[in-house]
Amino acid sequence: MTPGVFEYHRPNKVEDVLALLAEFGDDGKVLAGGHSLVPMMKLRLAEPAHIIDINAIASLRGIREEEGMIVIGAATTQAEIMGSDLLNEKCRILPDAAALIADPQVRNCGTIGGNCANGDPGNDDPAIMLALNASYTLQNQAGQRQIAAREFYEAVYTTALAEDELLTEIHVPAPAKGTGMSYQKIKRKVGDYAIAAAAVTLSMSAGQCTDAAVALTNVGDTALLSLEAAEAIKGSAVDARAIDRAADAAMADCEPVEDMRGTVEYRTAMVGEMTRRAIAEALSRVAGS
Amino acid sequence: MSDAPELTLEEREATIGGIGTARKRKEDARFIRGKGNYVDDIKLPGMLHGDFVRSSHAHALIKSIDTEEALKVDGVLAVITAKDLEPLSLHWMPTLAGDMAAVLADKKVHFQNQEVAFVVAADRYAAADGVQRVDVEYEELPPLIDPKRALDDDAPVIRDDVAENDEVGQGSRHHPNHIFEWKVGDKEATDAAFETADIRIREEIAYPRCHPSPLETCGCVASMDAVNGKLTVYGTFQAPHVVRTVVSLITGLAESNIRIVSPDIGGGFGNKVGAYPGYVCAAAASIVTGHPVKWIESRIDNLSTTAFARDYHMTGELAADKDGKILAVRANVIADHGAFNTHAQPMKWPAGLFNIVTGSYNIPVGHVEVNGVFTNKAPGGVAYRCSFRVTEAAYLIERLVDILAQKTGIDKAEIRLRNFVQPEQFPYSSCLGWEYDSGDYPTALQTAMQAVDYAGLRKEQAEKRDKGELMGIGISTFTEIVGAGPVRNCDIVGLGMFDSCEIRVHPTGSVIARLGTKSQGQGHETTFAQIIATELGIPSDDITIEEGDTDTAPYGLGTYGSRSTPVAGAATARAARKIKDKAKKIAAHVLEASEDDLEWEVDRFRVAGSDISMKMKDIAMAAYSNVPDGLEHGLETTDYYNPPNFTYPFGAYICVVDIDRFTGDVKVRRFYALDDCGTRINPMVIDGQIHGGLAEAYGIAMGQEISYDETGNVLGASLMDYFLPTSVETPEWETDFTVTPCPHHPIGAKGIGESPNVGGVPAFTNAIVDAFAHHGVTHMPMPHTQAKVWQTLNELGLNK
Ligand SMILES: Cc1cc2nc3c(=O)[nH]c(=O)nc-3n(C[C@H](O)[C@H](O)[C@H](O)COP(=O)(O)OP(=O)(O)OC[C@H]3O[C@@H](n4cnc5c(N)ncnc54)[C@H](O)[C@@H]3O)c2cc1C
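One line per chain: the protein sequences are A and B, in this order. Residue numbers for the first sequence follow numbering that gives the first Met the number 0, so the first one is 0 and each next one is one higher. Residue numbers for the second sequence follow numbering that gives the first Met the number 0, so the first one is 0 and each next one is one higher.
These are computed hints drawn from the structure, not numbers from a lab. Check the hints yourself; a few may be wrong.
[Unchecked claim] Under the rule of at most 25 Å between Cα atoms (straight-line distance), these lysine to any residue pairs were calculated in the SDA-like manner: (1) B:Lys147 / B:Glu368; (2) B:Lys458 / B:Pro506; (3) B:Lys787 / A:Val256; (4) B:Lys71 / A:Asp26; (5) A:Lys186 / B:Pro780; (6) A:Lys186 / B:Pro207; (7) A:Lys186 / B:Gly715; (8) B:Lys107 / B:Arg53.
Construct the complete structure from the given sequences, taking the supplied hints into account.
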């Protein structure tokens, strides 16, 4: 349970990070909160030769709103997400989910950027980003690009992030009035990843669901966006039958594996149950309803 | 010799802080400041670090071990294999159960993560680098994982080394994978009772393999002084003196040249009773290199290799009449001991004290048969916060009684009241050979029922059932057998299981006392001082308790099996009484009174009917200056106590759960625990023990399992999967008590450390099964994870 040999870098500027990433390529790893990377290193499942710590870079932290977009710095910690008035008011699914991530120690260090960039299907933020239709700002020495979260995840630990790229910001379209959202997660205990979890956003107008998104955590190679589940409630009054149809669709879309958390049958059933609960709660949170 | 202003008797008693005082734990001052001194805090000059190359397979032959690349790693000094230990005869070691265990795998590996080679390096990073570079070539063998298949004709033979032996230290055996057969009770009478009984119930009840998982893993620092030939080992030892004797027997070093020190220990729960390859390898490496060598387990090493608990596969049966009166009990057990028989029980008890399976009930006849088997799993079978298989026994009988209640339609509390051993039956001789010392079971259960409004709960449950909601009420009225133990039937490697205390009263009236036990969090520094305080009238704050250094402490058998207070606590009281006897002589001499005229009064001897008295503090000074002719100076003594019997703490627990029928989530709404541990020395320490023990019981019941896949890969051996409840999951505990003193213990105390674990686990299972009882469910296997509870819900169609 001790990591291999590595060299440690702590640059002060984003440009310096990018230069180091360009220099080391595959041998370099960005260190944010370290709560996914360091355990992997201790188990020697990851043995990067260079660690590039981004914690000294103030510009990578913070949460602001500009032009209908909530912009979150990649190195913002989960504790900061939980404490953000802006998010609690306008996008509470993020602080709600952060509260379900491990314990205060993990949340004080772990960052939202690390959670999104890590590529572990067990991470909670990716499904939420899928549901919110967020996008990521990726930078390298050549410049920067914006990529939709819905395009980012490819397979377990495989994302669109290139070796020389740094995730600097997360852009979340500020949810419109009349949007309700909820993240429901079932886990075995504190510090466990989800048996299954569902992120739901939905908008209501005149008793009808005008827009919805449903995304799932830890029941596939990546977080999964269930378009069918969203379709099942769109245009409906989100009554019990619509909710059941959405749950069935989410269950059909998920691909969990059997592990210590339970059988495929159980985890699939929990996808249905979490979807049901998330829709019901999101609905109850639609302003004015 | 009287002080002014004179304090009242009550005030004097309060200053002493003796038995019955909820005094804050003395040791916590250093623990909460991070100033404890644990094994991994010990750093000696020139110290090296050792780490193990471990087997990736459960069962395989070792074709070759290539250490060349590892030795090239900067900082790696040596790689030790079985071949290197063989000339020293250290490649195998004797176990506490009369078997042999490989220190480093000798020609074959018997379980995944078994120790194969020991890399010694300048620091733990280099050691880990070296471990990565040792190349071991294996030839896989078919593994044996299911203990119920161990005795099949075609089962793979696990232990070639003993395959032909007709015993492996615990009696005769009849198969290469068989370890022992243990039978107790009257088989014929039991069979006959079953034959004619109106009601018979039978259930297969497994107690899964779990692990004590103390917060601090096992480890040691071994230091051989090449100049004077003295070996010092600092380690996580629950029984330091036993370790010293065993080390002497294994190495041939004189016991006087071995010093074993247990510094602060971060929880043991049975995990730290046995001897592990790490200790032997660190000592061997220190002898060879001339440097101190440290070995510290990782969490994964701890959970997957050192001392698991339980793994009892039980079939239990009760015979009863129509009124639910139990007529006979029968139990048949397959005990999975893993690859080597390294369980830690008194030598004569291959299944520990499992024959306490009669529990709190007056059962006329019974028969128990236990067969121990080898499998390709980590060795062990320790008592996890338990007195030698009492937990398994209590779980079985408490489950069976519930099943009998369901079968007869009698309420689960009522059936217990009908079958309890009655207060006037004590001392009670059980059909399986124990003499229960004292108890009042009906009062305990009735008090519990009143406290939780049992009738009200049953009413609420009935209403909930009508609505399709699942609520369960679990009762556990357990009896323990602790305080091993009487030397006539308890020994470890031939050493009688007495214990000891040495007390020294200093001239100015403060005290140091040393015991043969070793606290791992139980609060001995607090509790034992209180015994002495009451006996000698010296404030407990002036009494230092020291344990764990074999160079200074009197010989004792250590701390486990709730034995410290029943055995060493008794020695403490008796040693104090010897001191007091001498003090009386001195007081009589100084006061020029007759001993017969002196009476004890809190902290002094008083000449009866007068205002002439002498405080213990002043007697202490006199002991060093003014003793009567014929009396030695000083005020010191030692007591070795061989208990006449075990002690039998008991309790009545009631647990109420609500089950989410869609997710399988179990919510413990209420947990009421009434314990009777006899005389209560420190109520706060007792409550702490109960809270901790119940939290562990909750962990075991809900999610502690070390499981294996069919090829022998150990699953869940990290805290990601293994359930260590935090304050978030842990339910609220309501504690209560009755006091039925132990008649044979000097202060009437019985021991409390393990009751909550022993009694807690069946309370949880009983509550969960009770939630489903109206659907005909009689048993649900532990651990009760959401996934497993959901399985039941799904099978019954209750989740729709
Ligand atoms: C006990 C425990 C329980 C946990 N439970 C959960 C849980 O239930 N749900 C959950 O979501 N998470 C859980 N986690 C993980 C935790 O949330 C991590 O903090 C998170 O996954 C990674 O964020 P980090 O800031 O710690 O990243 P790090 O560990 O530092 O990095 C993770 C990966 O992302 C890369 N990376 C980090 N930041 C950037 C960036 N800005 N640009 C490019 N690449 C980057 C790193 O190079 C690395 O590959 C748990 C962790 C622990 C220790």
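These are the hints, each one checked on the structure:
1. Using a Cα cut-off of 25 Å, the hinted pair Lys147 (chain B) and Glu368 (chain B) holds, with the two alpha carbons roughly 15 Å apart.
2. With a CA separation close to 65 Å, the supplied pair Lys458 (chain B) and Pro506 (chain B) exceeds the 25 Å bound.
3. Taking the CA atoms of Lys787 (chain B) and Val256 (chain A), the gap is near 16 Å; set against the 25 Å cutoff, the hint holds.
4. Restraint check for Lys71 (chain B) and Asp26 (chain A): satisfied, since their Cα atoms lie roughly 23 Å apart, inside the 25 Å limit.
5. For a cut-off of 25 Å, the pair hint linking Lys186 (chain A) to Pro780 (chain B) stands: about 20 Å separates their Cα positions.
6. This hinted pair checks out: Lys186 (chain A) and Pro207 (chain B) have alpha carbons roughly 22 Å apart, not beyond 25 Å.
7. Distance check on the hinted pair: Lys186 (chain A) and Gly715 (chain B) sit about 15 Å apart at the alpha-carbon level, within 25 Å; holds.
8. Restraint check for Lys107 (chain B) and Arg53 (chain B): the C-alpha separation of about 12 Å stays at or below 25 Å, so the hint holds.
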